[in-house]
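Build the full structure now, drawing on both the sequences and the hints.
Here the sequence shown is numbered in this note's numbering, starting from 240 and rising by one per residue.
Some clues are possibly wrong.
[What the hints assert, rightly or not] When the alpha-carbon atoms are kept at most 30 Å apart in a straight line, the in silico BS3-like pairs for lysine-lysine are as follows: (1) K299 / K475; (2) K343 / K429; (3) K299 / K429; (4) K377 / K419; (5) K299 / K277; (6) K277 / K304; (7) K299 / K472; (8) K323 / K417; (9) K419 / K277; (10) K429 / K472; (11) K429 / K394; (12) K341 / K429.
Keep in mind that the hints were calculated from the coordinates and are not lab data. These figures come from a predicted structure and were not determined experimentally.
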Amino acid sequence: MSVEAIHIIEENLSIAWAKTFLASMRHSELSPVTITIKGLSNNFIPEYSQIRSELDDSLKSHSLKLCHTVANTIFPRSLWNPEKGAQSLFDRYNYSRKQIRKCKDNRLGVYFERMVSYGIDYGEPTNQLEFIIDTYTKKDNHRRSALYAAILDPKTDEKHQKQRGFPCLQQVGFVPLKQKYLNVVGFYPKEHIYDRGYGNYLGLCRLGQFMAHEMGLELYQMTCFVGVASVGKINKTPLRYLEDRMQAHVEQYESDMRGQDG
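Okay, structure coming up:
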């Protein structure tokens, strides 16, 4: 069994994912994995459109969710208008919630729903994001341990099923840096890098943009901790072409970076 620990720090989401994907293709499992994407902002997430496009084409060929679709489970960007504030987003999501849950892939829950309506299936829901925003901005409470949102719900998720899926993401933290910047942190006990990785990182970055905006901060960094990662449900053989393409993109990127340093 080939297990490797990796720690990736990049300033481009696409390159960070590509390097993680390449590592997952070389090993049966990666444990642990830390991905850090720096140099973000409230208005910009650095990506290479070609990498995401090629990945989406591959995902589509295997009937898997596209990157944007996966990202929307963490943060529904189309529902957010920065000029209208957080409450408008929460109201629009609650209005759409029942329709979103009708999708069979969402039958066990949706990540964003857990953050804004935790416990809704059995009692009075808690809007964790609203609490974090309010305690930081209105109560001047900068205690970092208060700035976390739980996804895992023991009442609904702790089952004796050998395979379950949701929730893979179990906690999200919003860590202020120097009272000016924000680091959004996601915790995954397990992650499929090919199937979900890119969309997960994109969703966390978009969530970070929203929270930074509402907390009066500037998003700077996204960090994702993964206990155990693998390439995913697809056999590696049909992914060799994508592997070659990602290797070429990474090599070109690193060559360009060396050229800039020179």
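Query raised in the report: So which hints don't hold here, by number, going up?
Result: No numbers; nothing is violated.
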